[in-house]
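Top to bottom, those sequences are chains V and X.
Quick note: the first sequence uses this note's numbering, first residue 10, plus one each step.
Quick note: the second sequence uses this note's numbering, first residue 15, plus one each step.
To be clear, the hints were calculated from the coordinates, so they are not data collected in a lab.
Treat the hints with caution; some may be incorrect.
[Said to hold, decoys possible] Below, computed lysine to any residue pairings styled on SDA-like, alpha-carbon distance capped at 20 Å:
1) V:Lys177 / V:Glu274
2) X:Lys202 / V:Glu56
3) X:Lys202 / V:Lys177
4) V:Lys174 / V:Glu56
5) V:Lys24 / X:Gly61
[As the list claims (entries may be wrong)] A partial selection of chain X residues facing chain V, derived with a Cβ cut-off under 8 Å:
6) Asp40
7) Arg50
8) Gly59
9) Gly61
10) Asn97
11) Met112
12) Trp114
13) Gly115
14) Asn131
15) Ser144
16) Lys188
17) Gly193
18) Thr197
19) Thr211
20) Val218
We put the CB at the ideal spot given by N, CA and C, even for glycine.
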Amino acid sequence: MSDRTLYDKVWDRHKVTTLPTGQDQLFVGLHLIHEVTSPQAFGMLRERDLEVAYPDLTHATVDHIVPTADQSRPYEEDAAEEMMSELEANVREAGIDFSDPTTGDQGIVHVIGPEQGLTQPGKTIVCGDSHTSTHGAFGALAFGIGTSQIRDVLATGTVAMEKQKVRKIQVDGELGDGVEAKDVILEIISRLGTEGGVGYVYEYAGEAIEDLGMEGRMSICNMSIEGGARAGYVNPDETTYEWLEETDYFQENPDEFEALKPYWESIRSDEDAEYDDIVRIDADELEPVVTWGTTPGQGIGITDPIPEAEALPADKQDTARRAQEHMRVEPGETMDGYEIDVAFLGSCTNARLPDLRRAARIVEGHEVADDVRAMVVPGSQRVQEAAEEEGLKDTFEDAGFEWRNAGCSMCLGMNEDQLEGDEACASSSNRNFVGRQGSKDGRTVLMNPRMVAAAAITGEVTDVRDLKEVTTV
Amino acid sequence: MTGADEVEIPEVDSASGSGLPIRGNDIDTDQIIPARFMKVVTFDGLGEFAFFDKRFTEDDDLKDHPFNEDRFQDSSVMVVNSNFGCGSSREHAPQALMRWGIDAIIGESFAEIFAGNCLALGIPTVTADSETIQDLQDWVDENPDGEINIDIEDEKVTYDEQTIDVTVDDAQRKALVDGVWDTTALMKSNAGAVGETARDLPYVGDAAGSSAD
Ligand code: SF4
């Protein structure tokens with residue numbers, strides 16, 4: 010048994026039994042919930058007179074609808090207030106820990122789990138949110154589930170899943186100046202396609218991945234789902250352990266850190282683990298990647314021309330044509346110089362402290378272009394506080410950015426932060442679907458946080474490497 | 015097994031009805047149900063918002079969309095292309111389709127979470143190759159009242175006096191045909207084994223409660 014992947018090992022440790030459907034019943038080590046996808050599940054539970062089986066392994070936050078400007082209660086929007094009250098009632102009744110905004114721990118679910126040390130290697134982690142894949146950065150097996158599955162997890166502490174294949178994505182070499190984790194994952198999705206990962210879990214490996222801090226690894230795992238893979242992970246290593254040791258959980262339980270380490274080590278993929286597929290990416294060749302279309306797979310290097318629809322595979326042409334029409338981009342041109350109206354620095358992909366630091370360094374001494382609305386929405390209250398303490402808030406505000414409170418905000422436009430009309434947005438988030446940012450005519454260009462900062466300053470998509478001396482972080 | 019948990023789970027071995035074509039690859043969940051309609055605490059009433067932005071202009075005028083066409087108002091079998099339902103994990107998407115009247119979907123391929131969410135509602139998502147799907151879409155367009163029958167167990171779709179082979183994922187087929195697609199009761203009955211698995215995990219036990227108090 011020395012040829013197994015982390016996926017195999019964590020799966021086997023959590024498998025309860027094989028169900029009559031052929032699916033495996035997996036024990037869930039951490040169930041994260043938020044206000045949008047959980048109320049219906051609690052409703053179903055009540056209908057069946059069931060209780061939450063493992064409240065101690067469940068943790069709640071509020072992120073999707075929470076206002077990021079005025080957060081005083083009741084929220085200005087009735088629907089938002091109703092969802093928040095419902096969540097409060099549900100967690101109170103079930104005895105579930107809730108990082109609500111008064112705790113100072115609130116934030117986007119995929120930011121706070123790792124922050125508090127709830128996210129750990131070798132756990133199975135689920136949440137009614139497709140970007141749950143983020144937590145795989147710690148060597149956890151983490152995936153998004155639907156509301157009926159949330160009901161399953163609440164009621165039984167388990168989920169029914171089919172085992173998938175594992176594709177290793179080996180990223181060798183070193184990332185160049187101005188190139189970040191975000192560019193790696195955008196490149197992977199562009200190469201393999203938005204459905205390339207269906208049926209697979211992605212293991213990210215190689216020198217370029219090992220060199221990344223936890224935040225970069227999270228940015229990559231976060232967008233696994235954009236490439237069709239339900240989960241992605243990185244094997245835990247010293248970088249992972251250093252992060253964990255600093256978290257509340259292990260600060261409060263230092264003995265457990267040493268006690269659990271052998272388990273974490275044991276679940277790493279074996280040297281000669283067998284993979285169903287291996288894809289190699291050369292980090293040295295990458296440049297900042299931006300999207301030109303309306304799926305995250307429609308990305309190109311900043312100096313590359315937008316492809317002709319006809320040059321793409323037959324099944325991609327139609328989508329490409331519609332995307333180009335929507336985005337109003339010309340094949341043959343680069344995205345450099347594409348005018349923007351809004352710059353959004355936020356989301357569970359890129360709103361952690363190092364993301365804000367890097368972007369602030371670009372912004373320093375500059376001003377947001379006239380007519381550009383630029384905002385920073387930290388991923389959590391802790392990120393916000395730390396950023397304020399080290400002066401990042403001032404840097405952004407001096408340049409003309411709005412500094413908001415933590416939440417999902419304009420990543421999906423469920424609160425007041427939305428695009429209007431056909432505004433174009435340089436966004437550090439993960440989805441550029443039509444209508445995603447709140448306006449069905451809105452145009453989203455995905456990019457890394459420094460590229461967002463650069464676009465805010467120039468008013469157009471800009472190669473950050475031309476703007477200022479940049480260093481990799 | 016708790017006695018209270020007595021939900022009738024029907025066996026779904028076939029589905030039938032007239033069809034409607036929804037053309038295009040990569041139709042994401044933000045298109046199926048825009049996020050602004052998810053500010054609700056129940057799924058009731060989501061049906062009217064299915065494909066909302068594709069159906070209505072800014073001024074609420076009707077756009078061209080099969081969901082708006084009179085001839086498809088009674089249709090229950092949706093015929094789609096590839097990577098349908100990609101994007102978010104929102105069960106609001108299949109819930110909206112189901113509440114609009116969709117009972118089954120035939121397509122080239124489906125995003126995984128979407129297909130799983132459909133299964134949890136007892137909605138089959140069956141697949142066939144691109145050419146077969148396009149033929150079916152064309153036929154449906156010309157025969158909006160034409161009956162389509164999906165035999166889930168035998169993986170066959172019958173329409174217009176012809177039968178085509180389709181694929182139904184193994185676990186999905188079993189779950190639907192045997193009426194075990196609602197997994198809550200099934201999994202709850204294994205509570206003992208669940209507890210054992212949990213106790214065997216090094217991080218459960220004290221780890222379970224200490225951050226919660
Ligand atoms: S930030 Fe965006 S992608 Fe992340 S959880 Fe919130 S809405 Fe989803």
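How the hints compare with the structure:
no. : hint                : verdict
1   : V:Lys177 / V:Glu274 : holds, 19 Å
2   : X:Lys202 / V:Glu56  : holds, 16 Å
3   : X:Lys202 / V:Lys177 : violated, 35 Å
4   : V:Lys174 / V:Glu56  : violated, 36 Å
5   : V:Lys24 / X:Gly61   : violated, 37 Å
6   : Asp40               : holds, 5 Å
7   : Arg50               : holds, 7 Å
8   : Gly59               : violated, 12 Å
9   : Gly61               : violated, 15 Å
10  : Asn97               : holds, 4 Å
11  : Met112              : violated, 12 Å
12  : Trp114              : violated, 17 Å
13  : Gly115              : violated, 20 Å
14  : Asn131              : holds, 4 Å
15  : Ser144              : holds, 7 Å
16  : Lys188              : holds, 5 Å
17  : Gly193              : violated, 10 Å
18  : Thr197              : holds, 4 Å
19  : Thr211              : holds, 5 Å
20  : Val218              : holds, 7 Å
The structure is inconsistent with the numbered hints 3, 4, 5, 8, 9, 11, 12, 13, 17, although it conforms to all the rest.
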